[in-house]
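**Student:** Protein sequence lines correspond, in order, to chains A and B.
Residue numbering for the first sequence follows the working numbering, starting at 1 and increasing by one per position.
Residue numbering for the second sequence follows the working numbering, starting at 1 and increasing by one per position.
Among the hints, erroneous ones may be present.
[As the list claims (entries may be wrong)] DEER-style ranges, computed between Cβ atoms: (1) E78(A) x A120(B): 34 to 42 Å; (2) L134(A) x R104(B): 48 to 56 Å; (3) F124(B) x K156(A): 56 to 64 Å; (4) N368(A) x A120(B): 13 to 21 Å; (5) N68(A) x G267(B): 15 to 23 Å; (6) N68(A) x F124(B): 27 to 35 Å; (7) S231(A) x K363(B): 51 to 59 Å.
Since the hints were derived computationally from the structure, they do not count as laboratory data.
Note that this is a predicted model, so its numbers are computed, not measured.
Ideal Cβ positions, reconstructed from N, Cα and C, are used throughout, including at glycine.
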Amino acid sequence: MADSYGQNCNKCGFCLSVCPTYQAQGTEDASPRARIQLIDFFSDHKIGSSEKLKDIISKCLMCGSCANICPAGINHPERYVRMREKMIRDHGDRPEIKSLVYLLAKESRIRMAAGAARMAQKIVPHVFAEKYRLGSIALKQFPVFNKVPFRTAARKAMARKPGKKSKGVPALKYGRVAYFTGCATNYLFEDTGFAVLDILRHMGVEVIIPETQTCCGIPMLFHGGRENVKSNINTNLACLDAQGIDAVIVDCPTCGAALKNDYPALAEEFGLDQDAANRVAEKVVDISTFIMAHARPQDFPQNHETIRVTYHQPCHLRNHMPSPGSAQGLLNALQGVEYIPALDMDSCCGGGGTFFYEYPEVSRGIANKKVTNAKATGANLWVTDCPVCRINLGGYLDDSADLTVVHPARLAAQFLPDLKGRKG
Amino acid sequence: MIDPDAIDNLKKIVGKDRCFDSAEQLACYCYDAYFEEAMPDLVLFPCTRDEVSGILKICSIHKIPVTARGAGTSLCGASIPAKGGVVLCFSKMNRIVEINTKDRYAIVEPGVVNADLQKALAPFGFFYPPDPGSMAMSTIGGNVAQNAGGPRCLKYGVTVDYVLGMEVVLASGKVVRFGSRNVKDVTGYRLSSLFCGSEGTLGMVTSIILKVLPLPESVSTLLVTFDDLDNTAKAVADIIGAGILPVALELMDKTTIRTIEEKAHIGLPVDAEGTLLIEVDGVKEACEKEIKKITEKLEANGAVNIEVAKTEDERETLWHARRSVYGVFAKLSPSLYTEDIVVPAGKIPEMTRMIVDIADKYKLLVGVMAHAGDGNMHPMIPADKSNKEEWARVKKAFDEIMAAAASLNGTLSGEHGIGLAKTEYLPLVMDEDAIEFMGVIKKAVDPDGILNPGKFV
Chain A
1 MADSYGQNCN
11 KCGFCLSVCP
21 TYQAQGTEDA
31 SPRARIQLID
41 FFSDHKIGSS
51 EKLKDIISKC
61 LMCGSCANIC
71 PAGINHPERY
81 VRMREKMIRD
91 HGDRPEIKSL
101 VYLLAKESRI
111 RMAAGAARMA
121 QKIVPHVFAE
131 KYRLGSIALK
141 QFPVFNKVPF
151 RTAARKAMAR
161 KPGKKSKGVP
171 ALKYGRVAYF
181 TGCATNYLFE
191 DTGFAVLDIL
201 RHMGVEVIIP
211 ETQTCCGIPM
221 LFHGGRENVK
231 SNINTNLACL
241 DAQGIDAVIV
251 DCPTCGAALK
261 NDYPALAEEF
271 GLDQDAANRV
281 AEKVVDISTF
291 IMAHARPQDF
301 PQNHETIRVT
311 YHQPCHLRNH
321 MPSPGSAQGL
331 LNALQGVEYI
341 PALDMDSCCG
351 GGGTFFYEYP
361 EVSRGIANKK
371 VTNAKATGAN
381 LWVTDCPVCR
391 INLGGYLDDS
401 ADLTVVHPAR
411 LAAQFLPDLK
421 GRKG
Chain B
1 MIDPDAIDNL
11 KKIVGKDRCF
21 DSAEQLACYC
31 YDAYFEEAMP
41 DLVLFPCTRD
51 EVSGILKICS
61 IHKIPVTARG
71 AGTSLCGASI
81 PAKGGVVLCF
91 SKMNRIVEIN
101 TKDRYAIVEP
111 GVVNADLQKA
121 LAPFGFFYPP
131 DPGSMAMSTI
141 GGNVAQNAGG
151 PRCLKYGVTV
161 DYVLGMEVVL
171 ASGKVVRFGS
181 RNVKDVTGYR
191 LSSLFCGSEG
201 TLGMVTSIIL
211 KVLPLPESVS
221 TLLVTFDDLD
231 NTAKAVADII
241 GAGILPVALE
251 LMDKTTIRTI
261 EEKAHIGLPV
271 DAEGTLLIEV
281 DGVKEACEKE
291 IKKITEKLEA
301 NGAVNIEVAK
311 TEDERETLWH
321 ARRSVYGVFA
331 KLSPSLYTED
341 IVVPAGKIPE
351 MTRMIVDIAD
361 KYKLLVGVMA
371 HAGDGNMHPM
381 IPADKSNKEE
391 WARVKKAFDE
401 IMAAAASLNG
411 TLSGEHGIGL
421 AKTEYLPLVM
431 DEDAIEFMGV
441 IKKAVDPDGI
451 LNPGKFV
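Based on the provided sequences and hints, a complete structural model is requested.
**Tutor:** Here is the structure:
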């Protein structure tokens, strides 16, 4: 039967060829085609609601590769999100996932939780950090939380005059951009934040970091918190839809996908400011794409020895953003970077937001393959745009691996004159 | 209902993790890429030949139906467990055991995905020619069971032409091996060929020896448009008739092109009444010569535009679009009835007209797509199976299309197989004695009829 979205799956199986969970598990229930079948069975009352059904529908990385390849144009993620909501309503969710949905709904809660987590990281004895895991990742491999949120720290950096340290390279007069930092940069990866800031300012771009911005909402949406997302959308639209902003820069592909694709759709659904959502969506651009579009060679002069680099392409970049190849373009453009593509450069890392925590075994299987192939390139830097990919892949690199995961902006920033070596 | 003791024993063979028995998991194994469904009682994932043998011994004693499955991409319902019982899914038996380019063979387990084999062969400068549209996800075991083809089978032949040998577990659990690793082998009956296209009705294939070929030096792909479908079909017959043998010669009508373009947005000519996707391969100079000869034939038949794919990416985009056509048609309707008839290549123009006329007669939309070079045609009729009146018209149209193919000395299937879809049409192309002979063979190896029951034999 035609489902409520008017999308028909004729089971051609193309989705099997790109689905990370199907490929890791080798069973049909882990495939996009099967999830659609079960959702249809459920709506036709051929099967009832059950824990098992919830588990099958939830065991998905929400990477969107199925929708991207589907010849019939099925919007799998949208259908899964709806079904997840139903299943969570019927069977609840893990307390820690429920807590996450609660936390992400308010910036003050996120800030408090990040602070507490940083404290915990400091006081957890070394022996525990060695022994315990967060899902599939050893605690000792987990990144350290920022001392202060990046947006607070950035205010000081912003006080410096643009171009001050970049003598000899005249600043571009591109215009003004708003920087949407995402939670990961704000609380975990300030090195990415400073790199983005340094690059943009070096390019002569005026950067505004809206203070009231908050979590994009995607993690809540994926975990049944549709209603909770509303206020986040309103908050973010209010601060990003400012007059005179030429672009909204994102450093996280998932945030980018949210602002670009989900906000306009959700704004319509919730009756929010649709025009504002559309205006913001149009301006969203990831940092690598922005650099490729507006930087000049002299912005990134070669002043380093050759760095061997490989790359992991995040799913949300590949499947939701308009220029998914920009980071690789940047790697190829930087004089002094030797880019060695890994065999499975564009396959999922197994991180999937909280997937690595909820389904550690599946996640580990997927990530281990990626690590093996990345190591085989002989690279020292593993560049990836997505913070969750960075956490996940970094989580599998022990001390013996001469490989560090960084954001493309962090790599590019090393090439800025006078700014190299800045501690993030 | 399966004997509970038998179920326990079956579960013991594979262990808890490789056995599915919940309603939710079983629902994921009641379908393939055909539109019928039937629920299994149990899904088992063997990892070794001995496990397969053990499973079949138990099923044989308890007379439990066993249906083999790879990735479930069969377009004729061959892997649907029509009589319930056990689905034996080979997706975890997926090792490439050996690649030997010096002796030109590869040994694989049945669950190896076709594209993964291609990827593994490429660094050696070799390839495995059969390239079904589902090659990115379908398994070699499934390809063997269905004797799968694909666009480039015009020049290279279908799966059976590449199977040198195999290991098979019969219904009793007995393991037998046929053929060898030699590209030349005429020792006794070619039993491995008997199993190609047997759709899991004769035994479970657990290891396959495949012939592989060196990659051609050069490949060129042309996209040709016509403003008349009849001329498109005539150009195909002319090219083949002139003794030119491209790798692939794919025909698509306006409906097909428009439907693909709507999804893929790759700039396909949506106003063309007919298009041909033509590929040639071989030594560079030979390719150029072949393209020249093909171009003459195309122009003589009124081709409006001839474009050559400039890069490997462009070429892959065209082929990806072509391969996705079955899935793309799902945009048009909840169900898709697609067929796989074959007619002699010279009859392509006539058969094309007949398909269009039959669809018009029953007031149905039809997309005509064909591996036209070898006469293998895939008329596709999108409709709604839940609309009984419409579905009855679809059924009548296909009855007539089958009969029309048979009347042109054609046959029922070129590459998809018979499965649930075409059993009733067998008498159109096989006489009673031939059908009986298949039954004799089946009886000899599967006396209780437990292997894929409810299908064509």
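**Student:** All hints, please: hold or fail.
**Tutor:** Against the structure, the hints come out as follows:
no. : hint                          : in the structure
1   : E78(A) x A120(B): 34 to 42 Å  : holds, 36 Å
2   : L134(A) x R104(B): 48 to 56 Å : holds, 50 Å
3   : F124(B) x K156(A): 56 to 64 Å : holds, 58 Å
4   : N368(A) x A120(B): 13 to 21 Å : holds, 20 Å
5   : N68(A) x G267(B): 15 to 23 Å  : holds, 19 Å
6   : N68(A) x F124(B): 27 to 35 Å  : holds, 31 Å
7   : S231(A) x K363(B): 51 to 59 Å : holds, 53 Å
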